[in-house]
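Protein chains: 2
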Amino acid sequence: MRDFSADHRWLSINTATLRGAGRLDTAIEACARHGVRAISPWRDQVAEISLARTRELVRTHGLALSGYCRGGLFTAVDAAGRRAALDDNRRAVDEAKALDAACLVLVVGGLPGALAGRVASKDLAAARREVADGIAATLVYARSVGMPLAIEPLHPMYAAERACVNTLAQALDLCEELDPLSADSLADSPTAAAALGVAVDVYHVWWDPQLEAQIARAGRHRLMAFHVCDWLVPTTDLLNDRGMMGDGVIDIARIRGWVEQAGFAGYSEVEIFSSGNWWKRPVDEVIATCIERHRRVV
Amino acid sequence: MRDFSADHRWLSINTATLRGAGRLDTAIEACARHGVRAISPWRDQVAEISLARTRELVRTHGLALSGYCRGGLFTAVDAAGRRAALDDNRRAVDEAKALDAACLVLVVGGLPGALAGRVASKDLAAARREVADGIAATLVYARSVGMPLAIEPLHPMYAAERACVNTLAQALDLCEELDPLSADSLADSPTAAAALGVAVDVYHVWWDPQLEAQIARAGRHRLMAFHVCDWLVPTTDLLNDRGMMGDGVIDIARIRGWVEQAGFAGYSEVEIFSSGNWWKRPVDEVIATCIERHRRVV
Numbered sequence: 001m002r003d004f005s006a007d008h009r010w011l012s013i014n015t016a017t018l019r020g021a022g023r024l025d026t027a028i029e030a031c032a033r034h035g036v037r038a039i040s041p042w043r044d045q046v047a048e049i050s051l052a053r054t055r056e057l058v059r060t061h062g063l064a065l066s067g068y069c070r071g072g073l074f075t076a077v078d079a080a081g082r083r084a085a086l087d088d089n090r091r092a093v094d095e096a097k098a099l100d101a102a103c104l105v106l107v108v109g110g111l112p113g114a115l116a117g118r119v120a121s122k123d124l125a126a127a128r129r130e131v132a133d134g135i136a137a138t139l140v141y142a143r144s145v146g147m148p149l150a151i152e153p154l155h156p157m158y159a160a161e162r163a164c165v166n167t168l169a170q171a172l173d174l175c176e177e178l179d180p181l182s183a184d185s186l187a188d189s190p191t192a193a194a195a196l197g198v199a200v201d202v203y204h205v206w207w208d209p210q211l212e213a214q215i216a217r218a219g220r221h222r223l224m225a226f227h228v229c230d231w232l233v234p235t236t237d238l239l240n241d242r243g244m245m246g247d248g249v250i251d252i253a254r255i256r257g258w259v260e261q262a263g264f265a266g267y268s269e270v271e272i273f274s275s276g277n278w279w280k281r282p283v284d285e286v287i288a289t290c291i292e293r294h295r296r297v298v
Numbered sequence: 001m002r003d004f005s006a007d008h009r010w011l012s013i014n015t016a017t018l019r020g021a022g023r024l025d026t027a028i029e030a031c032a033r034h035g036v037r038a039i040s041p042w043r044d045q046v047a048e049i050s051l052a053r054t055r056e057l058v059r060t061h062g063l064a065l066s067g068y069c070r071g072g073l074f075t076a077v078d079a080a081g082r083r084a085a086l087d088d089n090r091r092a093v094d095e096a097k098a099l100d101a102a103c104l105v106l107v108v109g110g111l112p113g114a115l116a117g118r119v120a121s122k123d124l125a126a127a128r129r130e131v132a133d134g135i136a137a138t139l140v141y142a143r144s145v146g147m148p149l150a151i152e153p154l155h156p157m158y159a160a161e162r163a164c165v166n167t168l169a170q171a172l173d174l175c176e177e178l179d180p181l182s183a184d185s186l187a188d189s190p191t192a193a194a195a196l197g198v199a200v201d202v203y204h205v206w207w208d209p210q211l212e213a214q215i216a217r218a219g220r221h222r223l224m225a226f227h228v229c230d231w232l233v234p235t236t237d238l239l240n241d242r243g244m245m246g247d248g249v250i251d252i253a254r255i256r257g258w259v260e261q262a263g264f265a266g267y268s269e270v271e272i273f274s275s276g277n278w279w280k281r282p283v284d285e286v287i288a289t290c291i292e293r294h295r296r297v298v
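Going down the list, the protein sequences come from chains B and Y. Here my numbering is used: the first sequence runs in plain steps of one and ends on residue 298. Here my numbering is used: the second sequence runs in plain steps of one and ends on residue 298.
Quick caveat, the hints were computed from the structure, so don't treat them as lab data. The structure presented is a predicted model; accordingly, all values stated were derived computationally and were not measured. Don't be surprised by glycine CBs; every beta carbon is placed ideally from N, CA and C. Certain hints may be false.
Said to hold, decoys possible - Stretch by stretch, here's where chain B covers chain Y in the computed footprint (C-beta under 8 Å, at least three residues):
id: 1; segment: 94–103
id: 2; segment: 118–124
id: 3; segment: 152–164
id: 4; segment: 229–235
id: 5; segment: 260–269
Next up, chain B with everything else stripped away, as it sits in the complex (with noise of 0.2 Å):
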């Protein structure tokens, strides 16, 4: 298992965790003030400068892109609705690509129509159909440009709205199932990436009874990023209360050794959703406390 302990070299930050600077413009600046050397931008913040812009800023600071967030969002309430989520998906890997991103992470959907509060279907296993679908579609897309896609299984308590798909055991049966490696080429190409793997945050999987089988079971060609933060106790809100590392329950320094034991060599990306605490702090202490957490609990 790596030291982080010395240094922040390991250390990116997804640009979510900083909403409270304002723009990317000036999260992007801070974290290269701070010799932060990889983020993960959200979609939104991108388009809100420019992508010409962000890429700008990327090159000037050096910066690495751990992941580009997101893609997804598969399930729809109709056929018009499918479609334009495979095109905005299409939409979504040529940023990642324009950016360099390592993945385009994907957050597949829930329930159609239940993340606007207008749920169509109770069905879950065809809404696991859809997503299965849509990731298959956009894969063929991604291989053609070489952008892998990282699948983050949600937390279940995600399952309605954002994500039906909920444990490292569902995503991987679907990695296998639509992007199936064979021993042989693994062997002869011993460092290539998967075109579709998982992104593992320990928010969404910490409780797993199966986390530690599963994630040797990823193996090194399927884990493509590592999300950190914290569950808090009590947690108060079900999006937007994560916590800093450290300040919950969850151990992450043997999560990210089980992590590593499979191979993954990458940044750990902190990702913070924290509407009451963290989004209103100057992005100085914000960053300061990510390193300092970083190097001490991670």
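Once you have looked at the hints, place chain Y on chain B.
This is chain Y only, laid out in the frame that chain B set:
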């Protein structure tokens, strides 16, 4: 699958649903008034009016107990706490027996100290071993008096504070480890219940990709209770924002179909924690709505 549309003979009311009614005697009398044949009371509600008075009311009105809530909370910050938990669980078994409950429901406990807001350990695997030890110890006593124990896997969002058993698969692994059933013994006594089984609450398990398969695995000997309510979109509170059946996104009838296919033929128990809505309404309106939804959407 049984037809629930014509009557509510298989409806049970978990009296947590009626916390707005005030004391348990008021709640029980309201259930009797509406022709409800079964209830499942909570220990704090029983303690308030005394076990003897509860027993008298239950007998007077000819009520069955589909379960008794709750035992468990086995994890503790020290050895004294663990001993106290075991003592308390024996008392819970005695109370369940005095009321002739179908089973004692176990909410097994989370990380030690978390429910009190002071987490003493982040070692989830250790908490799970402690839970297994606690169930094993309690099972010796429960077997001796003939009270079945039903492990209730809780939604993963309760893993920290309330229960670190979070999937039906995990609960069934515990059942098989602690209370193995031989094919012969079951064949000899086809109606015998196991000493250790599970309580399936749709709120906790509806999202699980393995749900159908694990219900089939459980079978009638392990399926000791079936709880219903609904998952609201959006959910505004992690604990007390559960919905009335039909107001949320769970396909309850489909899950009941799986449970009955596996051999369950007991009560469908309504358990709704709802501080903002149902606990504020008149108890007769709550029960009438439970009955109507039981007939129409369960």
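Now the hints, each set against the structure:
no. : hint    : verdict
1   : 94–103  : violated (count 0)
2   : 118–124 : holds (count 4)
3   : 152–164 : holds (count 7)
4   : 229–235 : holds (count 4)
5   : 260–269 : violated (count 0)
Hints 1, 5 from the list above are not met by this structure, while the remaining hints are.
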